[in-house]
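Throw the hints in and build the complete structure from the sequences for me.
Numbering (the numbering used here), first residue to last: 2 to 226.
Hints are supplied without guarantee of correctness; some may be wrong.
Below, a list of computed lysine to any residue pairs in the SDA-like style, where the Cα atoms sit at most 25 Å apart [said to hold, decoys possible]:
(1) K165 / M132
(2) K156 / P218
(3) K39 / H66
(4) K161 / L142
(5) K156 / T59
(6) K161 / D126
(7) K161 / H180
(8) K192 / F105
(9) K165 / P215
(10) K161 / P217
(11) K192 / H74
Since the hints were made in silico from the structure, they are not lab data.
None of these values were measured; they are calculated from a predicted model.
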Amino acid sequence: MLSKCALAAIAMSGAVHRVQQFTHFAVLDFEATCQEGKQRINPQEIIEFPVLLMEADTTQVDLFHQYVRPMSHPTLTEFCTQLTGITQDLVDQANTIDAVYADFLAFVERNGLTTQNTAIVTCGDWDLLQMWPRQAALSGLPTPPLFYQWINLKKTFATKENVKVRGMMEMLSECNLEHEGRHHSGIDDVKNIARCVGALLQKGTTLELTFPPPPPPRSDGAGGV
Numbered sequence: 002m003l004s005k006c007a008l009a010a011i012a013m014s015g016a017v018h019r020v021q022q023f024t025h026f027a028v029l030d031f032e033a034t035c036q037e038g039k040q041r042i043n044p045q046e047i048i049e050f051p052v053l054l055m056e057a058d059t060t061q062v063d064l065f066h067q068y069v070r071p072m073s074h075p076t077l078t079e080f081c082t083q084l085t086g087i088t089q090d091l092v093d094q095a096n097t098i099d100a101v102y103a104d105f106l107a108f109v110e111r112n113g114l115t116t117q118n119t120a121i122v123t124c125g126d127w128d129l130l131q132m133w134p135r136q137a138a139l140s141g142l143p144t145p146p147l148f149y150q151w152i153n154l155k156k157t158f159a160t161k162e163n164v165k166v167r168g169m170m171e172m173l174s175e176c177n178l179e180h181e182g183r184h185h186s187g188i189d190d191v192k193n194i195a196r197c198v199g200a201l202l203q204k205g206t207t208l209e210l211t212f213p214p215p216p217p218p219r220s221d222g223a224g225g226v
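Written as structure tokens, this is what we have:
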């Protein structure tokens, strides 16, 4: 039987040790070719592919980060460089998406990541609901199993914390965290989003998949008794 001191220690640390569905969280934030104004570059292509892997106890395990050389629009706009900090030299010297994708799959295999033990975490649905499917179709790449489900942290704040946040900066503010690095730099963004994930885990928030959405409650259609 546990002593009162042991029980008290467990109670005090319960937020950190609360059981999560996943043992690992992989924070992802693509950056893509873009131009000023409402008109999107077509086709839009991924130019930065960062993933920060962390355990449910908030320990950072590994980091995947590569820039990507776009093929359809190889020259970045001045707006894109000013927004993301990604220069023309960086993408000119980078691998194309097929090679970067192969390296990412090796990263996944090396860390033993599966849909059962790992959830991708994003700040919004754009990365995996829109950008990756477009890039995969353009480049003839299959979608890895991990990319079929994810946690949109903005929805987690809404459902678990009852707070509506419009983006990463507001999430950081809600967590009483200062922004670090450059906003819209993919590598800096995943680090900041991971800090928000860590803050939620520390306070005992259970992180659950937001996509695909859970099925609606079942109705047996009996119409009463």
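Hints, one by one, checked against the model:
no. : hint        : verdict
1   : K165 / M132 : 23 Å, holds
2   : K156 / P218 : 19 Å, holds
3   : K39 / H66   : 28 Å, violated
4   : K161 / L142 : 35 Å, violated
5   : K156 / T59  : 20 Å, holds
6   : K161 / D126 : 17 Å, holds
7   : K161 / H180 : 22 Å, holds
8   : K192 / F105 : 18 Å, holds
9   : K165 / P215 : 20 Å, holds
10  : K161 / P217 : 18 Å, holds
11  : K192 / H74  : 28 Å, violated
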